[in-house]
Amino acid sequence: MENKMLPTKARVIEIIDETNNIKTFRLELIDDEAKKKFFFFPGKFVMVSIFGYGEIPLGISSSHHEKRFFEVSVAKVGNTSSAMHNLKIGDIVGIRGPFGRAFPYMRMKGKDILIVAGGTGIAPLRCLVNALLDERESFGKIWLIYGTKNKNSFCYTREINKWKESGKINIVLTTDEKCEDELICHGLVTDYLDKTDLDYKKTTVALCGPEKMIENCAKKLISLGVNQDDIFVSLERLMFCGFGKCMHCNISTKYACIEGPVFTLNEVLEMKAEA
Amino acid sequence: MFLLKKQNLRNFIDALSQNEAKLKVIVPIQKDDGTIYYDEYEKNKDKEIIIEGRTDFSPKKYFLPEIEEIANFEKSENEVIIKEVLNNEKRIIFGIRPCDLNALLFLDEVLIKYMYPDKNYEARRKNTILIAIDCLEACNKSCFCSYLGTNIAKGYDICLTKIKEGFLVREGSNIGKNLLEKDGIRKILEKTDKEPKQISFECKNKINVEKIEELLEKNFESKVWQEEAERCLNCTSCTQVCPSCYCFYVKDELGFDDKKSRRLKCLDSCFLDRFSRISRDFVFRKSNKAKLRQFVCHNFYYSLVRNKMIKCVGCGRCIDVCPVKINIVEIIKKIRGYDGK
Ligand SMILES: Cc1cc2nc3c(=O)[nH]c(=O)nc-3n(C[C@H](O)[C@H](O)[C@H](O)COP(=O)(O)OP(=O)(O)OC[C@H]3O[C@@H](n4cnc5c(N)ncnc54)[C@H](O)[C@@H]3O)c2cc1C
Ligand code: SF4
Ligand code: SF4
Ligand code: FES
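The listed protein sequences correspond, in order, to chains A and B. For the first sequence, this note's numbering gives the first residue as 122, with consecutive numbering after it. For the second sequence, this note's numbering gives the first residue as 27, with consecutive numbering after it.
What the hints contain is simulated information worked out from the structure, not anything from laboratory work. Idealized CB from N, CA, C, for every residue including glycine. There could be a bad hint or two in this list.
[As the list claims (entries may be wrong)] Each computed DSBU-like pair below joins lysine-lysine, with the alpha-carbon atoms no more than 35 Å apart:
no., chain 1, residue 1, chain 2, residue 2
1, B, K244, A, K323
2, B, K167, B, K101
3, B, K232, A, K209
4, A, K209, A, K341
5, A, K197, B, K232
6, A, K125, B, K203
[Unchecked claim] Here are a few chain A residues that sit away from chain B, every Cβ distance over 12 Å (derived from the structure):
no., residue
7, K130
8, F161
9, N282
[Claimed, not checked] For the chain A half of the interface with chain B, some residues (derived, Cβ under 7 Å), not all of them:
no., residue
10, E154
11, G173
12, Y174
13, W284
14, E357
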């Protein structure tokens, strides 16, 4: 059997500055075999190697309908992510995966969908939004509530404008800090969860963001009547392997790299609080 | 079944180390400071080979070294060459005890059989011949292997049992069988129809592992965790000596210029903050309580649910090595006592 710890090569074919701290990298796998086998649904992640600097888990942020390339969006927070920010077009990175369990994309068909993102948590959800919009007619109402610290920390701003113009999705943008822009709401994403026209009892929710945000959103969503099995949460854990060896992503009897990173809220509640 | 006369033990090991395949023979010996550990026979010919009692360190380092290069990278103008690194040294480990053998069987389950194999561990495992030695009685006051069934040697290529005249030698695999038939080795052995006695000792340190996964699940919030963990120093001695602890992290090491680099797999410990730290410096298992609970639950609960095996093999090393006397058996006893309260 092949060595799953060994990366395959991908070339950087485009780099987009999203904010002063986040860049999106468009990557193309070099090996044709690897490209053929590269298959994913929104919510899955890859391990990206910046050779000599390290390897980090990143959610795939482009739609799974795009077969020529895929994208990851990276916040500069430490060693490896900073080295990644120094990459140029044409450079080579290593890729392992995709790993993990995705959002239940197929099961979302026909349903109303609420997507809630906080900070960099938007990355895997952008993948979901684009996938949903690719097949817009297969889904019910779609809402996106996306919150960041301030106006300058929004990713994908051009794309979000396009999404808005398409009229295919309702979007609420929020910032923790007050801002002048009248299209942006002041406050936390939790403050806007009940401000949609969704039938909460029949809505599927996808959540990704800081642990505290997830916790508060979960409470609010349950009180709004959303079924716990219809709330899907993408969790972040330290990860070094992606296939159940290193134990760093272990939560109780589960592994975030195998049963996650996307869990149902029920599963999250079942997993013991660890602190 | 063969008989190896007491006075021939060294000849047997010499014969092993002189075989044509150029295998390195690893034996348990005592360091000057008294520690019993495994090292190359060739470098320690003057030392006594310790065949009785628990070794202070298991031979884990030959399967999961503290740091192991798993790949290296060479960058040039427009290309990166990725090289896989696997350890292909052939070894014989002589004298491995039943507890440590059972730990390898657990590691095989997790690291080879479960999902995709860890190729680095697998390579080392495949390249190692195991010559075990039976334990006939509890070898120290802390071990509790007899309650876990890990006092019985399994998965060996050859196994020795001590008797009055020397050792009974039996094969456990084809590799073992072939090795015993090698000229230099076969002539040291005598055929015998003696059989080793059934092993049936009981350890002093009693543990009850009945439905242990349910017990720990139910008592996840037990006050015992805090009571016991309070004094932990996070020294990681326990996870280092544990023959079945395998958690690792991966890091890259850059060469002098940034053209060449190496990827290293390093053993980690759940008693450290860094084990569960993610962005914004958020540490999931910050408290000692959470850390100790992770260690105990991985050993007796998570491993059972995921791999259908108890990770702990009851060697008792973590108990003896802990500077503040945190005791995995006592913790479980206490939890049983407090069960449901
Ligand atoms: C499934 C998954 C998907 C992710 N998707 C994205 C994404 O799409 N975009 C994005 O910007 N980030 C994502 N992350 C987080 C990203 O992996 C970390 O920010 C990155 O590993 C930091 O590495 P570093 O070397 O730059 O930082 P370091 O120098 O190692 O440390 C900087 C900070 O990041 C934390 N950190 C280090 N390694 C990890 C890790 N493996 N996971 C989480 N935190 C870590 C450290 O504890 C520290 O607080 C994801 C994480 C997971 C588990
Ligand atoms: S947990 Fe302790 S007793 Fe059990 S195998 Fe590890 S070191 Fe030995
Ligand atoms: S050996 Fe004892 S003090 Fe050290 S980390 Fe383990 S439990 Fe804590
Ligand atoms: S990332 Fe290593 S076990 Fe999940």
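Consistency of the hints with the structure:
1. K244/B - K323/A: Distance ~34 Å between K244/B and K323/A Cα, so the pair holds.
2. K167/B - K101/B: 55 Å, violated
3. K232/B - K209/A: Distance of about 62 Å is beyond 35 Å: violated.
4. K209/A - K341/A: Outside the cut-off at roughly 43 Å; violated.
5. K197/A - K232/B: Given pair K197/A, K232/B is violated - Cα atoms ~52 Å apart, limit 35 Å.
6. K125/A - K203/B: Cα-Cα ~34 Å, so holds.
7. K130: 6 Å, violated
8. F161: About 17 Å separates F161/A from the closest Cβ of chain B, which puts it past 12 Å; holds.
9. N282: 28 Å, holds
10. E154: 15 Å, violated
11. G173: Since the shortest Cβ distance to chain B is 3 Å, the answer is holds.
12. Y174: This hint holds: Y174/A lies near chain B, its Cβ roughly 6 Å from the closest one there, short of 7 Å.
13. W284: 26 Å, violated
14. E357: 5 Å, holds
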